[in-house]
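Engineer: The primary structure of each chain is shown beneath.
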Amino acid sequence: MATRRRIDRLGGVFTLVGGVALAGAPFVVFKPNRIVPGVPLGVLIALHGATAVAVLGAVVLAGVVAVFVANPPLRLVASLGGFVAVALGAAAAGNAFTPAGDLIVRIAPGAGCWIALIALGLLAADALTRLRPGPWTRLLLLAAFFAVALAALAHGTFDHLSVMREYRSNAGRFAFEARRHVELAFGSLAAALAAGLPLGVLCHRVPRLRAAVLGSLNFVQTIPSIALFGILMAPLGALAAAVPLAARVGIAGIGAAPALVALFAYSLLPIVANTVAGLARVSPAAVEAARGMGLTRGEVLARVEWPLALPVILTGVRIVLVQNIGLVTVAALIGAGGLGTFVFQGIGETAIDLVLLGALPTVALAIASSVVLDALIEVAGGAQR
Amino acid sequence: MRRALALWPLLALGLLAAFLVAPQRFAPVFAPFAAYGAPPIYDQGNLFALALAHVAIVCVAAAASTVVAVGLGILVTREGWTEWLSPSRTIVNFGQTFPPVAVLALAVPLVGFGEEPTLIALFAYGLLPIFENTIAGLAACPPALRDAADGMGMSPAQRLWSVELPLALPMILEGVRLSVVIDVGTATLGSTVAAKGLGEVIIAGLSANNAAFVLQGGIATGLIAILLYEGLRAVERRVCRTIRID
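Here the protein sequences line up with chains A and B, keeping their order. Going left to right, the first sequence walks through residues 1 to 385 as the working numbering numbers them. Going left to right, the second sequence walks through residues 1 to 246 as the working numbering numbers them.
Just so you know, not all the hints are guaranteed correct.
[To be verified] Anything over 10 Å on all C-beta distances counts as not near chain B; from chain A, calculated:
| id | residue |
| --- | --- |
| 1 | 60 |
| 2 | 229 |
| 3 | 234 |
| 4 | 245 |
| 5 | 282 |
| 6 | 300 |
| 7 | 314 |
| 8 | 326 |
| 9 | 359 |
[Claimed, not checked] Here are some chain B residues pointing at chain A (derived, C-beta under 7 Å):
| id | residue |
| --- | --- |
| 10 | 98 |
| 11 | 102 |
| 12 | 109 |
| 13 | 112 |
| 14 | 185 |
| 15 | 202 |
| 16 | 204 |
| 17 | 207 |
| 18 | 214 |
| 19 | 235 |
These are computed hints drawn from the structure, not numbers from a lab. The structure presented is a predicted model; accordingly, all values stated were derived computationally and were not measured. Ideal Cβ placement from N, Cα and C applies to all residues, glycine included.
Let's have the full structure, built from the sequences with the hints guiding it.
Structural biologist: In structure tokens form, the structure reads like this:
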């Protein structure tokens with residue numbers, strides 16, 4: 001590399017997008033109450049004095065570093081600094097525009113704030129990619145990020161922003177629905193693993209079965225989620241009515257049971273298909289050699305086939321988990337609970353803050369799951385070598 | 001056996017067309033699922049028009065996803081642009097990680113109720129398979145072939161157009177096919193924000209506790225997904241036959 005390009009095009013584009021958004025789009029929106037459309041406030045009106053200087057300074061620094069500096073650690077620190085500054089800037093605007101003791105006024109982060117946060121977040125992600133951290137480092141960074149974010153939320157840093165206002169008035173329900181969301185997403189995954197892994201192994205061993213099983217699981221995927229949720233309501237309702245025991249263990253036409261069954265059905269295809277694909281990666285010669293060494297069929301599966309297939313199976317788990325976290329949102333339509341409850345209630349009341357209260361944790365959960373599983377896939381893949 | 005396999009999509013098409021044109025004929029089929037005293041066939045709108053609107057939304061969204069994802073896929077595989085690969089992948093992945101319901105709900109205050117939020121959600125959701133398959137397809141072009149094209153004096157644009165893209169086309173089309181199937185199912189969610197489509201039938205069934213509506217909406221949507229899948233596969237096979245090089 002004889003001459004290093006002075007200007008980083010990638011950094012330039014993200015800086016441009018973030019800068020234009022901050023300059024042109026509202027930084028926060030001031031709403032007299034939760035439902036009326038608000039008054040957009042630009043960044044220079046929303047922020048005052050030392051706060052304005054600090055936030056804009058950090059953002060400009062992040063932009064300059066993104067465009068002119070090639071050193072990845074420096075890029076990471078600068079973009080994260082900008083990210084934190086914009087988030088704290090929004091919080092400061094919330095504090096400044098909320099009259100003391102007022103619980104009706106809403107200060108919502110505006111489009112400029114969100115776009116700047118996304119641009120800075122992408123810059124940080126890019127800097128991180130250039131550093132090529134190992135899987136464990138990535139998990140540690142994720143944990144640190146969440147720890148800081150949760151600490152800030154617990155400390156009340158963002159309490160005067162509209163989403164947190166919405167949280168304040170729904171705190172009890174939020175904890176309940178969030179737990180329900182996680183239970184549904186992970187519970188259906190666990191059930192799909194328990195049934196899908198043996199089924200995948202069976203499909204691998206019996207080629208005749210493979211086409212039939214994968215074909216019918218493929219068919220299940222084409223049924224739209226709300227329809228599958230709805231279709232399952234009738235038989236489970238009938239079951240609960242006919243078998244008192246079923247009703248006693250919580251099976252009912254409306255609620256978590258049809259959601260769990262539908263999510264399980266959707267989860268099977270990626271698990272079974274990836275188990276089959278993973279096992280197909282194992283060369284027959286390796287299996288034969290292991291058999292020749294006197295290993296039983298079960299031992300071959302556990303010691304030879306399983307480790308080689310694991311990364312592919314985990315890729316299936318990643319697909320299922322991200323998909324399920326999104327689908328549980330839809331399950332709120334049939335009364336299954338979960339964070340989708342807030343999303344649909346928010347749509348119904350045209351209260352966007354309530355929508356965000358459901359959507360933001362869902363997105364965070366989905367992203368965190370995909371980062372964790374990507375790291376696990378790498379660990380499993382690295383263990384083979 | 002082969003003939004029977006080729007016939008079943010036609011059978012599905014016939015069934016779907018018959019149901020959409022004369023839904024009342026199917027009333028006896030759905031009657032056992034209808035709530036007591038409720039109509040067995042959706043009667044708050046024309047099913048044929050809803051199906052057309054549904055397919056139209058999917059087609060527009062898939063076309064937009066295809067243009068953007070293929071364009072991005074080509075860009076990040078060009079010389080000097082490879083640093084864009086990982087951020088593009090992050091963004092496209094984000095599109096699929098973001099739950100479509102959340103996209104719908106957040107798009108409403110920006111663009112209002114109706115078709116637009118659905119288009120945005122489907123567009124974002126459908127990018128990933130096309131993008132990944134474009135990259136995989138372009139990467140599958142043997143370096144020797146690329147060198148040969150350069151040796152023949154082709155410009156990079158000519159090489160892309162007459163060597164790399166034709167070779168990647170089957171993979172790209174497969175990505176489009178996956179994306180379309182995902183879109184058909186996901187488009188039903190659009191009805192929660194007042195987009196026209198078969199989701200309307202399902203939602204009406206859910207809110208009136210009428211399983212017959214849910215069932216017919218779900219079956220019609222599933223049939224459309226399968227038919228589009230088979231139709232695109234037929235196009236794919238034809239295209240692959242014309243450009244087969246090996």
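Engineer: Against the structure, test the hints numbered earlier, and report the numbers of the ones violated in rising order.
Structural biologist: Numbers 2, 3, 8, 9, 13, 16, 17 and 19 - these are the hints that the structure violates, sorted from lowest upward.
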